[in-house]
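**Q** In case you want the letters, here they are:
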Amino acid sequence: MSPAIVANNLYRYFGTLKAVDGISFEVPHGSVCGFVGANGAGKTTTMRVLATLDYPTMGQVEICGINVVNFPAKVRSLIGWMPDYFGNYEHMTVLEYLDFYARALGYAGKERQMRVQEVMEFADLIPLADRLSNKLSKGMTQRLCLGRSLIHDPQVLIMDEPAAGLDPKARVELKHLIRILAEEGKTIFISSHILSELGEMCDSLLFINNGHIVHHGDAESLKQGTETGGGYFFDVQILGDAQSVSNWVVTNPYAEFIENRKNGGRIRVESTETAARVLASMVKDGLQVIEFHKEQRNLEDAFIDMLDKVNTPPSMPKQP
Amino acid sequence: MPSINHISDFPDKLNPMLVKELRQGLRGISFVVLFIAIQAFLCFILLITAAVASHENAGHLLSRIIFFFYSLAVLVVQPLRGIGALQTEIKNNNIDLLCLTRLSAWRITFGKWISIVSQSALILTAIIPYLILRYFFGNMQIFSEILLMLSIFLLSALFTAGTVGFSVLKSVIIRVLLPIIAAFFVFISIGNLFFDSRHTFQNLLRPVTLDSLSTTLTFLGFIIACVYATWMLLDLGTSLIAPLSENRATRRRIISLGLITISLLAFAVAKVDMEVSLALSLAFCIPVSVISLTENTNLTQPIVAPFTRKGIIGSAAGRALYPGWATGLVFVLLLYGLIQGLMHFSYRANAEAITLLNSAFAFLLFPLALTRLFVKKHDNRFGMYLLFTCTQFLIVLIVIAAEEFIDGGKLQIMQCFFWVPTSIIHLGGSSRFSETALLNVSYINVILYASIALTSSLPVWKHIRDVERLSTNEQ
Numbered sequence: 001m002s003p004a005i006v007a008n009n010l011y012r013y014f015g016t017l018k019a020v021d022g023i024s025f026e027v028p029h030g031s032v033c034g035f036v037g038a039n040g041a042g043k044t045t046t047m048r049v050l051a052t053l054d055y056p057t058m059g060q061v062e063i064c065g066i067n068v069v070n071f072p073a074k075v076r077s078l079i080g081w082m083p084d085y086f087g088n089y090e091h092m093t094v095l096e097y098l099d100f101y102a103r104a105l106g107y108a109g110k111e112r113q114m115r116v117q118e119v120m121e122f123a124d125l126i127p128l129a130d131r132l133s134n135k136l137s138k139g140m141t142q143r144l145c146l147g148r149s150l151i152h153d154p155q156v157l158i159m160d161e162p163a164a165g166l167d168p169k170a171r172v173e174l175k176h177l178i179r180i181l182a183e184e185g186k187t188i189f190i191s192s193h194i195l196s197e198l199g200e201m202c203d204s205l206l207f208i209n210n211g212h213i214v215h216h217g218d219a220e221s222l223k224q225g226t227e228t229g230g231g232y233f234f235d236v237q238i239l240g241d242a243q244s245v246s247n248w249v250v251t252n253p254y255a256e257f258i259e260n261r262k263n264g265g266r267i268r269v270e271s272t273e274t275a276a277r278v279l280a281s282m283v284k285d286g287l288q289v290i291e292f293h294k295e296q297r298n299l300e301d302a303f304i305d306m307l308d309k310v311n312t313p314p315s316m317p318k319q320p
Numbered sequence: 001m002p003s004i005n006h007i008s009d010f011p012d013k014l015n016p017m018l019v020k021e022l023r024q025g026l027r028g029i030s031f032v033v034l035f036i037a038i039q040a041f042l043c044f045i046l047l048i049t050a051a052v053a054s055h056e057n058a059g060h061l062l063s064r065i066i067f068f069f070y071s072l073a074v075l076v077v078q079p080l081r082g083i084g085a086l087q088t089e090i091k092n093n094n095i096d097l098l099c100l101t102r103l104s105a106w107r108i109t110f111g112k113w114i115s116i117v118s119q120s121a122l123i124l125t126a127i128i129p130y131l132i133l134r135y136f137f138g139n140m141q142i143f144s145e146i147l148l149m150l151s152i153f154l155l156s157a158l159f160t161a162g163t164v165g166f167s168v169l170k171s172v173i174i175r176v177l178l179p180i181i182a183a184f185f186v187f188i189s190i191g192n193l194f195f196d197s198r199h200t201f202q203n204l205l206r207p208v209t210l211d212s213l214s215t216t217l218t219f220l221g222f223i224i225a226c227v228y229a230t231w232m233l234l235d236l237g238t239s240l241i242a243p244l245s246e247n248r249a250t251r252r253r254i255i256s257l258g259l260i261t262i263s264l265l266a267f268a269v270a271k272v273d274m275e276v277s278l279a280l281s282l283a284f285c286i287p288v289s290v291i292s293l294t295e296n297t298n299l300t301q302p303i304v305a306p307f308t309r310k311g312i313i314g315s316a317a318g319r320a321l322y323p324g325w326a327t328g329l330v331f332v333l334l335l336y337g338l339i340q341g342l343m344h345f346s347y348r349a350n351a352e353a354i355t356l357l358n359s360a361f362a363f364l365l366f367p368l369a370l371t372r373l374f375v376k377k378h379d380n381r382f383g384m385y386l387l388f389t390c391t392q393f394l395i396v397l398i399v400i401a402a403e404e405f406i407d408g409g410k411l412q413i414m415q416c417f418f419w420v421p422t423s424i425i426h427l428g429g430s431s432r433f434s435e436t437a438l439l440n441v442s443y444i445n446v447i448l449y450a451s452i453a454l455t456s457s458l459p460v461w462k463h464i465r466d467v468e469r470l471s472t473n474e475q
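Chains A and B, in that order, give the protein sequences. Per this note's numbering, residue 1 is the first one in the first sequence, and the count goes up by one each step. Per this note's numbering, residue 1 is the first one in the second sequence, and the count goes up by one each step.
So that you can see chain A by itself, here it is in the shape it has in the complex (with noise of 0.2 Å):
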């Protein structure tokens, strides 16, 4: 069976610039894959490429094994998309709202009536039935969103930036529907700014800066931090003379030391078998230890490493 997602070589150029730039990622069935990125990173635009709405410059993207291009009706008939920003109608309501998309779909009598009804159930929109669509509030607005981008009971969801603008309570709300809809095995593709979210929710996440693929792998490897330089980082504290951490580790050669801290210090270490052997070297060369504990580093330090990493221009040899 082929991977829901499939970019190989995947271009999109607009004129000089380079939005995507032969970028080549999976994404396996019944998968959530989280895409992260700067602004202008090249998210919005590859995205627009998966849901048919835009055409690479060059390279091959599909979906359920369907070529994006060659067959976008047959793409379209698999896929959810849920755009960052849309505009309501004015003069319709929620239910009407959705009615229409369900009609435009192809459904009719009953059975729309039916998906309408099952959609609007799962995104809680039945007690806004009669709200006119525009007059919602940004929450609401997404849940309906969500609901009609379900209407047709779609294999894959893209949602670009799905959390933007809402506030904790509709995020959660958010978040818990697209986890049943991760539990229900669709393949979802997920951009989003809150990368602790992100790595809650998904499977998988995918570095893009500058139209790169940065980093594909789960939110684990990430946060460990293996793919941006490797090693673990541990917080040090110790009874007495913080700045004994430091003259230690110096003379101990499976450590770094990389910053002072109150009682203490931050050290990295290569693995954790490691770290127990520097913590029994500690313990044996007299210092009396009270805390070593292992950093978990959030996402968005890791997405801030790896930036940093990728962005720092490789070092010129010094002239003679």
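Calculated directly from the structure, the hints in this document are not laboratory data. It should be emphasised that the depicted structure is a prediction, and the values quoted were computed from it without experimental measurement. Each residue gets a CB set at the ideal place from its N, CA and C atoms; glycine is no exception. Each hint should be verified, as a subset may be incorrect.
Residues from chain B shown here face chain A by an in silico Cβ test under 7 Å; the list is partial [as the list claims (entries may be wrong)]:
hint: 1; residue: Ile7
hint: 2; residue: Leu18
hint: 3; residue: Arg23
hint: 4; residue: Arg27
hint: 5; residue: Asn93
hint: 6; residue: Thr101
hint: 7; residue: Arg102
hint: 8; residue: Leu103
hint: 9; residue: Ala126
hint: 10; residue: Pro243
hint: 11; residue: Lys271
hint: 12; residue: Thr297
hint: 13; residue: Pro302
hint: 14; residue: Gln412
hint: 15; residue: Ile413
Chain A is fixed; fit chain B onto it per the hints.
**A** Using the frame of chain A, we list chain B on its own:
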């Protein structure tokens, strides 16, 4: 589980866009105000006219007033409502959501158009009671007045197609300013037509009396031209929002080619005047040529596949029928050859007619050549094309003004601008060129601009061959 009261205000078979637009449009203030205003005006006018009913021309006066307000509503106000039809959807990102449904680009554009037209139809039906009342004022030619009303409605549908079709374009000048200027001129024309004392109401009705074969044929020609132009304008909008893999060009070109061939042959058989025949065939040519010469050249395999499956013949046909301005150029040259041939064989056309035909095609090719020379990579190809089209008129107007006002009218420089196709009109009216020289100049213009455009299309042909090769390999 809570449930909702499902709506069944419109039947399932209606175009979903029409359902949406009617739901919104009938609640929108512009339609409601227009509808009520017309009713109020007509009631008022009817009462006033009733008061002066003894006047012998009261019936005709009432007809003029009814037709004026009706024309104002359906020829000026209603078409202007189409200005934002598709652009609003584009700006709000809704066009993406619509394109992802099963609605084709055509159904989206058609739905937008038909909703405004159906609201115009509501206005038409609202006018009918006043026409019935007007009957009692005497001097009514029922059949002709109904035909006039339907003709105005047909024109309204055409104008609405124009604004809806152009509403896809980004350029505010083309999308908004042009229709507003056109609407202003339509307004002035309507005023002149119905209130200028030089035109009697019988004169206005004469073209729709259908009392002779020639008026009947003219009326039929008017209907066909309206339907064709409406389709072309809607298709222009459709092409601009359709996905790359949707081929609209082939059908459009084949239908136009068929229509032009049949009409030219029919005119020749019916012995219609050569001038009329040429003018009508050019009128059919211009819309399809403009659209063909401004199309996007990105070809995809699904478009090419049906052609390449038919081997060399299919591939050769594709050279004129694939979407894109380069194949559009071949198609336009094909039309040119066809009309030339038919004019020669059917009418033994004289130099003047051929000069006119050449100039018309040079007029179509000039903006393409300039676009290819100066703004190759501009996104708004259609806008640029229109800009260079207007430039032709502008150059000629400036030269005419210079000739008139500099050196007391003795300056004669128009012949230096023979390369501007529109200059032929002016040069033909003067005695600066002989008929043969003008004919040669017109041939030079066609060859010059066709050569420039063909030369600059070479990279496109390479792209076409690449796509064809990929398509053949996959079969």
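**Q** Run the structure past the numbered hints and jot down the numbers of the failing ones, going up.
**A** The structure breaks hints 2, 9, 11, 12, 14, 15; every other hint is satisfied.
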